[in-house]
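Chains R and C, in that order, are what the protein sequence lines are. For the first sequence, the positions run 0 to 385 when numbering that gives the first Met the number 0 is used. For the second sequence, the positions run 0 to 379 when numbering that gives the first Met the number 0 is used.
None of these hints come from the bench; they were simulated from the model. Hints are not guaranteed to be accurate.
As a list, the in silico DSS-like pairs of lysine-lysine whose alpha-carbon atoms are at most 30 Å apart [to be verified]:
#1 Lys96(C) - Lys324(C)
#2 Lys111(R) - Lys217(C)
#3 Lys59(R) - Lys217(C)
#4 Lys59(R) - Lys324(C)
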Amino acid sequence: MIPIVYNVRSVRQRPVSTALTALGVGLVVAVFIGTLALANGFRTALVRTGSDSNVFLLRKGADSELASGLSRETASIISALPHVATGQDGRPMVSPEVYVLVPLGRIQDTSKVTNVVARGVSDQAWTVRNNLQVVEGRRPVSGRAEVCLGQKLVGRFLNTGVGQSLRFAGRDWAVVCHFSAGGSSFESEIWGENEQYMPVFRGEFFQSITFRLKDPGAFEDAKRELEADKRVTVDVHRESEFYISQSALMDRILRILAMIITSIMAVGAIFGAVNTMYAAVASRAPEIAVLLTLGFKPRSVLTSFLIESAVIAALGGVVGCLIALPVNGIVTSTTNWNSFSEVAFSFRITPRLLLDGLIFAVVMGVLGGFFPARRAANLPVIEALR
Amino acid sequence: MKYLPLIFANLGRHKRRTILTIASVALALFLFASLRTVVTTIGAYSQWGSARRLVTTNATGIVFPLPLAYANRLRAVQGVDAVSWANWFGGRYGDGKRFFANFAVDAESYLDMYPEIVLPPDQREAFLREKSSAVVGVRLLDIFGWRLGQDVTLQGTIFPGDWTFTIRGVYTVSDPLINDDMLLFHHDLLDERTGRQGFAGWYVLRIAHPDEAGQVGKTVDDLFRNSSSPTKTGTEQQFNSSFATMWGNVGLLMNTIGLAVVFAILLVTANAMMMSARERTGEIAVLKTIGFTDRMLFGLTMLEAGAITLIGAVLGLGAAKALYKGTNFNAAGFLPGFDVTVGTLLTGLGIALVLMLASGLVPAVRAARLPVVQALRHVE
């Protein structure tokens, strides 16, 4: 085994060339981490929207809340189900909700409108749905034209401050609070009272009904019973699974994009590493010959050069992580094509993603170093010693 | 020009290095062209729209319908030549993995409204005659392997149940920005089966004079301002533009990645050029001794860098252009008319020039300034 110090010292002989190669790898890693952080952030926003212990109902055949419609009668049948948990106030934890899209004007460019979700909820929604917390103001009072805004809407759209009034569906709505929801897609929604939303939007219909299970393990039982129930025609989803399925299309687009971009970039960076390592081998031919003469096995020479290449790439990987880190937490938004609504989310870099980036860098280094290292190992000693 | 053989001889010296460097440049510019084309395609779509068509939607939001009774009142508006309407159907075919647009349309007026949707006259007749028939884009036909005359069944998501249509027409498009993977069927059928009579998703109006667009739009919106369903009317271009903005800030994302790609490859080429130059120190000294001027050596090194980046650029940009054109790529229907524009190609060549300057400059200056005597010591 050739000591690694040898490689480190050799690398120091060619600082510029090494730095350029490492930085090239670093940029690939930065793009890798950045694009996957985007996909991660989007997915996380939707994953956090749903809870495992909630059951989510849509009209049979509807693949999104927008396409669904459920009657008041269905809602009251659901409320009376034995599977529904009871809240502290003694009422069933059921939230029949109205779900519509309204166009809102962006702050930067008011001519551009975005389809934002307006969700009409009952009082129960605040406890049934996940992780909700009013961060400013007070909850809307039943019977009044008041709304509470997800905190990711604030500052991106006009008239979103508490105390201001927001106009949609031909009416003015007083903004009385902002809420957080653990980074989920609820934070991109306008919540009002379902009874207020019904008459101004689609009439006497709910789009979805969510209830908390009394026994979280009893989902399958509840599903079976509801689907057999002749009085209602509903599709029964676990809330968490439903929102994950709502992220599928965008998630796939983002991940495929990330993979294509980074793999093409990676090939370019590997070519760079190949060039550098061949040059290194060529310029150190006499040294390598000496090593071989001293009795080091060709295998050790191969390993040594592979390690050198991997170390250069790993250095690049670290630089790439550092370049990518500042995007963590930046809020961006896109339309979720599954639900046709706008979702704001943050880039999300996890330790796991950083580790993947480093592994990716090392793989690039090893791939790029392989052929040059093999050349070094097979060097014709006598010729090289001249 | 007479130095061309010398440049090629230099490039051929380390064939592998030259080829790998050219390949890196080619990959970078391929990627650049692809990313940029995403931006230009969305941009083109947001600019696209016939100046003679207006779109009227429900002011409350695009998901809310409008009464069908508006059609007659719209026809009566001064400056409106023709009126058609459509409704988003949201049907899925098979496992639903391949998303495609499907609409219920007022068949005759819709086909008249969009001359860009090209249908053979006999197929058009057959479609108009049969209420349960549909027309599909030629791409959709290919994707699912359908045939003309075949019955296809869609699962309704908004309108529940199985919906079976007979394919009576296959359309092509005369404008690449119109999707050639849609399915259109009769609005009458939708009304009949759902019992939801009297609603349209949105209206499309053809106006007599494009310069009256603003005024006609205002007249229409004023007409329905105090009704149960107020309208929002804009040009087709405004309508498309609002769809394009739904992607969010794609431009920034693509440009940032594009910049990173170009910069990463700059490092690769610069490194390769420097390595080549360093190995040739002795040679350069010899050339100087036999009368090559500093300026000529500077030029030769630059041209060598230029040859690498330009060959790479031509390969990468050419591959991008040919690939997307050849495969008729449209990103699963999301980016119709995906085609590398001339502007993108020129920008790509510009980048190749910048790469040449940035990667060739240091070695070229070094070659020009090389002190001959010292360098000759290295000659063996």
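List in ascending order the numbers of the hints, as given earlier, that are violated by the structure.
3, 4
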